[in-house]
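First to last, the protein sequences are chains P and E. When you line the first sequence up against numbering that gives the first Met the number 0, it's residues 0 to 332, in that order. When you line the second sequence up against numbering that gives the first Met the number 0, it's residues 0 to 362, in that order.
Simulated from the structure, these hints should not be mistaken for laboratory data. Only a predicted model underlies this, so the values are computations on that prediction, with no experimental measurement involved. Worth double-checking, as some hints may not be accurate.
Pairs of lysine-lysine, DSS-like flavour, derived with a Cα cap of 25 angstroms [said to hold, decoys possible]: (1) E:Lys340 with P:Lys26; (2) E:Lys359 with P:Lys29; (3) E:Lys161 with P:Lys36.
Coverage of chain E stretches by chain P, computed from C-beta distances (three or more under 8 angstroms per stretch; other residues unrestricted) [claimed, not checked]: (4) 203-212; (5) 266-279; (6) 356-362.
We treat Cβ as the ideally placed atom computed from N, Cα and C, and that holds for glycine.
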Amino acid sequence: MKDIIRQLVETTGPSGYENEVRAVVQKMLKGQVDSMKVDALGNLITRKGQKGQDGLTIMLSAHLDEIGIIATHIDERGFVRFTSVGGVHPRNAVGGRVRFLKTGQVGVIGMEPNQSATSVHGLDKMYIDMGASRRADVKVSVGDVAAFDRPFEDLGQRLVSKAMDDRIGVAILVETMKQLKATPHEVVGVFSTQEEVGIRGATTAAYGVDPDLGIALDVTLTGDTPQAATMEVALGNGPAIKVKDSGMISDPRVVAWMEAGAKRARLPYQLEVLSGGTTDARGIQMARAGVPVGCLSIPCRYVHTPSEMVDYGDVQNSVKLLLALLSKPVKLA
Amino acid sequence: MSAFKRNPKWQAPRIGATELKLLERLSNASAVSGDEGAVRAIVLEELKGIPAEVQVDALGNVLVTKSGKGAARPRVLLAAHMDEIGFMLTADDGEGQFRFEAVGGVDAATLAGKPVWVGPKQHPAIIGAKPIHLTTASERSGALTADALRIDLGPGNGGKAKVGQYATFATRFTRLGPSLLGKALDDRLGVTTLLTLLKHAPANIDLLAAFTVQEEVGLRGARVAGYTLNPDIAIALDCTPAMDQPTWDGRENTLYRSRLDDGPAIYSVDSSTLSDPRLIAHLQETAAAYGLPYQMRQPGGGGTDAGSLHKVRGGVPSISVSVPGRYLHTPAAIVRLDDWKNTVALLHAALGHFTRDTVKGGR
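Just chain P, with the same shape it has in the complex (with noise of 0.2 angstroms):
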């Protein structure tokens, strides 16, 4: 699986720019799904099995988009004036690498001045360095993107790249729905665009698949690194089964349903509240007239910056789990 996830993580996809990703995913998929298709938004829409008897149609969605920058303006010694497109943290962003997705030239990011060592600038006072001296020389304008670049590293049990929030999930996500035979469900896998600017793909992929059920698949913040804020989640515990977030309450049926399922077969998995950000669930939650959801996150330290580390064992446990769950039918109490 080592092999798909660095694939995925090398490419780029900033939010609203995600088809080189989703090119990636239709490939790893072809011939290993009954249907694919794109919607309006440029959500990846994915369907294996048929709903039976006991069978519900479940939405699982991982989105395929990444933070990065977009270009405000070239000055006349050709720096690079940029912003966020999601959420891009100044103290994240001084002496990254970003490529530029039209060109695929690369520019490192400075900083204005600062009167005190310490304290970090908005990015209204950083900009990239394309290596020019004037404007002209520049291929870069108003309104081009460009995301971090950063090569994936494989430390054993822990791997570390760019982008594994959410490429992780989309990993787990294209694994779930090769590996799944038998199920009762129509399985629906969705590679969701413009989670980072506000779970906006998961919110009309929602409307158009109009689920039953619905399980997003991303990673989650963690409380096991030096003075970190409290939190019980920790890399290599198990796949996190989320109970609320600030913008969703998981359904009780279903955090039951999924640690239920966890124990049955015997896979390790750790209960998650997290205080501050939301995933796709929220999307799905409110669609239509409103859908039971619960979310399953991966554990990751350094969320959005350019070395995103998480846990093998937590990633190859969570498609055994989302295997486990969706084998059988869903009864929901």
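Please arrange chain E on chain P, whose structure you already have, making use of the hints.
Using the frame of chain P, we list chain E on its own:
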């Protein structure tokens, strides 16, 4: 996507005395979010001369369907908001003085000492300010907020207004040579543009028009208008700030958002929408084929009706095009007539080249 050829028969809709007169009427009308009746009446009156289906929905949006001819026409929705920022009277302090709060995004620094029109009859009043004779240096250094200010209709005029009524800045539309000055040009320019385009609708599309309510308080009208009209493509017509003046220290201005005289501002990213790249390309290719100017609006904050429209039902490929304007959301904005003319021309030419294939496949 392949570049397309200019339609040799194409002519830009004329923006002349009639359109300027209409814009003047619309700009001078009071229609704060939630109270769009005065502008809606003008819109409905203008629509009488256009053969199209017209309805007013539950929130007060005016929805128009102008069908084209031929097979496989895309349903293209254009939206322009009828509402403007303003004030609501919240408490009667007696003697013609009212407490008030802002409706929509108003900077408190722009309030003190400004004339306003109160209520549907546009009674003249003033947001009273302490005269300089009586202020201290420290009072003069900070901006007064709405709680510290009153709308004053003058002693004895308390009966002319009541709590719950709206007020707007009292600014009469004025032609300034190559420029236009007025209140509420955001978005009466869009409203006038949309009426003009309906009168010259190309036949290759079904042109759906939404004159929306409550944009300034959170893109509320567009959300339900988009649901009803259920389009294939959506374009919001709006105004965007131009902060294109020289900087105070002579350094290069890198945060201008848009610039006067550079033509219609095409959106890539704002807080509400990531424009569909196929629609960005469509507008850019139209501009190239027809020799029309445009500028890319600087990506960043702000939002338009597109923020609601792209998320309705199963999703709608969407974009926004704005006329750049200085001093938006203050008593008076300034726009260039040529930027408006070029906006109407670009939109009209672009509409003529939409097909179902424009947004076929994945974005």
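For this session: State the violated hints by number, sorted upward, taking the hints as numbered earlier in the document.
Result: Numbers 1, 3, 4 - these are the hints that the structure violates, sorted from lowest upward.
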